[in-house]
Amino acid sequence: MPQPFVRITGVAAPLLEDHIDTDLIFPARYLLLMERNGLGDYLFRDRRRKATGEQIEDFILNRPPYTTAKILLAGDNFGCGSSREQAVWALSDFGIRCVVAPSFGEIFHANCARSGLLAVQLPAEAVRRLAEDCAGHEVTVDLPEQVIQVGASVVPFQIKPGIKEALLNGWDEIDVLLAKHAAGIETFEQRQRQVQPWLYE
Amino acid sequence: MSMGRTLYQKLWDSHVVSEQSDGSTILYVDRHILQEVSTHQSFEMMRAANRKARRPGTNLAVPDHGVPTDDRSGPIRDPLAAAQVARLAENASHFGLPYIDLKDERQGIVHVVGPEQGFTIPGITLVCGDSHTSTHGAFGALAFGIGASECATVLATQCLVQHRARTMEVRVEGVLRDGVCAKDVALALISRIGIGGAVGYAIEYRGRVIEEMSMAARMTLCNMSIEAGARVGLIAPDETTFAYVRGRPYAPSGATFDRAVGYWKTLSTDPDAAFDKSLTIDASEIAPYVTWGTSPQDACPIGGRIPDPGAAPDAETGARWKRAIDYMGLMPGAPLEGVAIDRVFIGSCTNGRIEDLRSAARVAAGRKVADTVRAMVVPGSTLVKKQAEAEGLDRIFLNAGFEWRESGCSMCVAMNADRLAPGERCASTSNRNFEGRQGRGGRTHLMSPAMAAAAAIAGHLVDVRKLEI
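So the protein lines, in turn, are chains V and H.
Read in order, the letters of the first sequence are residues 2 to 202 in the working numbering.
Read in order, the letters of the second sequence are residues 90 to 558 in the working numbering.
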């Protein structure tokens with residue numbers, strides 16, 4: 002069951018590069034790990050640590066107060082590339098509950114909603130302004146109200162109602178599908194069996 | 090007047106279980122391929138809720154990502170990879186899913202195995218926890234990559250909650266010049282529209298060049314769609330498709346096959362259908378492409394030069410180019426041709442099929458890999474490997490000094506021992522040149538199999554057309 006997302010307040014870390022791919026977020030060599038907890042250690046591993054394991058001090062998530070960031074402000078096409086959901090789990094395990102970017106890799110975006118991470122899409126200019134405004138201030142992301150607040154500034158955002166509802170309630174997608182669509186799925190299969198019987202042999 | 094439908098719309102419409110008030114659709118999923126890396130948590134979710142697979146026979150599980158490609162006579166030596174493969178086998182058995190073992194000749198990269206086994210056929214929806222699932226769109230199947238949570242959803246419900254994509258037509262007209270292939274078309278397209286250029290779109294490839302392509306070439310092209318941001322890349326099924334599918338183990342046979350072909354022939358874009366976006370590529374203008382940076386869009390013809398960040402269209406692009414050029418250890422303004430390489434990787438779900446190996450072998454025949462280069466050929470499946478051996482391609486590669494290995498994802502994803510050391514430079518037929526993709530600090534240049542083979546021989550990036558073949 003994903004953790005419900007209602008309202009969070011915390012530090013927002015700006016990482017405004019475009020096209021941050023999931024290999025960078027979670028390098029492939031750690032995909033061999035099967036335990037989902039603890040993946041935050043490998044988040045942005047090659048940006049956060051040298052090959053020797055030593056911390057790279059100037060990387061944003063290694064610098065206080067961003068070591069406790071709950072929000073990540075990112076560039077265009079964040080999470081492009083591989084479908085690995087470990088990228089979302091690593092962000093969550095690190096403590097990040099919300100990513101704000103002008104656009105997202107589609108599979109990453111789909112994974113976020115299902116793992117309780119809020120992905121907020123805002124124009125590049127708005128993300129840049131947030132990055133400026135949040136210096137030294139905590140940021141509040143309010144999902145019911147669909148706003149991001151920093152000090153006196155309030156930025157509204159759009160979200161698909163289905164995704165909002167699922168995040169607010171921490172719904173399990175399978176439960177919802179089986180509860181609401183079991184009969185519809187049966188009907189579909191009966192119909193498809195007539196048109197493409199070879200899919201049922 | 091009713092408007093015609095695109096291929097994408099037809100595939101979509103034929104799989105709608107229900108349309109929701111918020112604009113999302115419950116989409117039926119016909120087939121699901123599973124590999125070891127993206128599904129262990131999916132099965133955990135299934136077990137935790139005590140769920141069953143709705144239609145076990147519509148799934149196919151194959152280990153490919155972390156498997157060794159050297160000696161496979163004994164157990165897998167890497168304990169983590171061994172545990173992950175064992176877990177997939179155990180989960181497949183527990184949930185009753187068809188499973189292809191590492192020692193089975195049908196084993197290979199999921200996107201090679203699916204088509205090879207006839208598991209991939211036109212007209213279906215097919216998903217896999219891997220972004221290169223777009224490959225299967227080459228058959229006129231609506232195929233796309235999903236995450237681990239969605240894999241569980243498919244297992245339990247045979248459905249996904251999806252939003253309909255916009256459609257983009259990519260016409261490739263004219264004739265490809267000698268030495269130019271599907272990989273070059275893909276890199277030319279991505280360098281033109283960018284890696285975010287098709288986010289939100291399903292691409293349909295059309296035009297004379299596409300019609301004349303083999304299934305292998307079509308798969309290469311559709312495979313790379315995700316590198317332009319499109320989850321879906323499609324090609325309408327035709328006689329080439331039907332001839333490929335006929336007789337394969339999972340494909341319909343006999344009278345059912347003929348009936349299926351009748352249905353599959355309806356799967357093309359209607360003449361009066363409209364795309365949300367269209368672009369045309371003149372094939373005769375495409376040269377062999379090579380990437381110079383850390384994104385598949387950082388590509389140019391082999392005769393080109395490394396760009397100058399100072400001449401970038403804007404400051405952000407300039408900064409990104411600079412970072413990429415620094416990471417790649419290159420000089421702005423220098424020619425691409427002549428850049429010395431250390432490694433060559435021929436394989437992957439993009440270019441690990443028999444046609445790809447033949448194309449590389451034609452270049453390697455009678456030549457030697459440069460002393461400074463370590464080159465490996467990793468077939469996309471064990472069946473591809475056997476076919477290559479039957480044709481004598483293994484001897485050509487081995488005599489030239491290439492390593493001839495077992496099938497798997499290998500150095501495309503670098504989860505096993507096949508990876509670059511920091512600073513090593515690789516001519517690679519894979520699909521991603523992201524920082525660290527082939528090993529931390531590794532430097533990847535993407536190109537076609539013939540170009541990679543030529544680079545192995547020359548010891549540096551080179552235009553394959555300059556070698557006498």
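If you're looking for bench data, these hints aren't it; they were derived computationally from the structure.
Note that the Cβ used here is the ideal one computed from N, Cα and C, for glycine as well.
Certain hints may be false.
Computed footprint of chain V on chain H; a stretch qualifies when at least three of its residues, placed anywhere within it, have a C-beta under 8 Å from a C-beta of chain V [to be verified]:
#1 466 to 475
#2 480 to 489
#3 538 to 549
Simulated pairs of lysine to aspartate or glutamate, EDC-like, Cα-Cα distance not exceeding 20 Å [stated by the list, open to error]:
#4 Lys-475/H to Glu-444/H
#5 Lys-366/H to Glu-262/H
#6 Lys-457/H to Asp-415/H
#7 Lys-181/V to Asp-483/H
#8 Lys-161/V to Glu-139/V
#9 Lys-51/V to Asp-460/H
#10 Lys-71/V to Glu-55/V
#11 Lys-354/H to Asp-190/H
#12 Lys-475/H to Asp-460/H
#13 Lys-141/H to Glu-18/V
#14 Lys-141/H to Glu-190/V
#15 Lys-161/V to Asp-59/V
#16 Lys-141/H to Glu-146/V
#17 Lys-161/V to Glu-187/V
#18 Lys-555/H to Glu-426/H
#19 Lys-141/H to Asp-167/H
#20 Lys-51/V to Asp-552/H
#21 Lys-192/H to Asp-552/H
#22 Lys-475/H to Asp-102/H
#23 Lys-141/H to Glu-133/V
#24 Lys-161/V to Glu-513/H
#25 Lys-457/H to Glu-301/H
#26 Lys-354/H to Glu-301/H
#27 Lys-411/H to Glu-146/V
#28 Lys-51/V to Asp-134/V
#29 Lys-411/H to Glu-187/V
#30 Lys-165/V to Glu-108/H
#31 Lys-475/H to Glu-179/H
#32 Lys-165/V to Asp-371/H
#33 Lys-555/H to Asp-415/H
#34 Lys-161/V to Asp-267/H
#35 Lys-165/V to Glu-126/V
#36 Lys-411/H to Asp-59/V
#37 Lys-475/H to Asp-190/H
#38 Lys-71/V to Asp-176/V
#39 Lys-555/H to Glu-301/H
#40 Lys-457/H to Asp-431/H
> Which numbered conditions among the earlier hints are violated in the structure presented, ordered from lowest to highest?
Replying inline: 1, 2, 3, 6, 7, 8, 9, 10, 11, 12, 13, 15, 16, 17, 19, 20, 21, 22, 23, 24, 25, 27, 28, 29, 31, 32, 33, 34, 35, 38, 39
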